[in-house]
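S.K.: Sequence:
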Amino acid sequence: MSTNDYVKFITQTFVKHFDQPVAERREQRSIRKDQRPSLLFQWFGVIPYAFIMMFKKKKV
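In the numbering used here, the protein residues as written are 1 to 60.
Hints may contain errors.
To be verified - DSSO-like, lysine-lysine: derived pairs with alpha carbons at most 30 angstroms apart:
| id | residue 1 | residue 2 |
| --- | --- | --- |
| 1 | K33 | K16 |
| 2 | K33 | K8 |
| 3 | K56 | K33 |
Worth flagging that the hints you see were computed from the coordinates, not collected in a lab.
The whole structure should be built from the sequences, with the hints applied where relevant.
M.R.: Listed below in structure tokens is the structure:
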């Protein structure tokens with residue numbers, strides 16, 4: 001990919017982004033944020049959830 005192609009791609013992406021209304025951009029951002037796994041799961045996997053479930057079972 002040449003430099004000219006890269007600049008063209010970045011420019012198109014930038015213009016496409018700023019042509020959208022602000023409300024639509026915020027909604028897309030919130031949808032992406034909701035689809036993201038929690039940081040605890042993202043960093044440590046399933047192990048923290050296993051501990052949480054184990055402690056909840058002991059309390060009940």
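S.K.: Each hint needs a verdict: does it hold in this structure or not?
M.R.: Hints, verified against the model:
Only pairs whose Cα atoms come within 30 angstroms are accepted, and K33 paired with K16 is accepted, the gap being roughly 20 angstroms. For the given pair, K33 sits about 28 angstroms from K8 by alpha-carbon distance, which is consistent with the 30 angstroms threshold. For a cut-off of 30 angstroms, the pair hint linking K56 to K33 stands: about 27 angstroms separates their Cα positions.
In this structure, none of the earlier numbered hints is contradicted; all agree with it.
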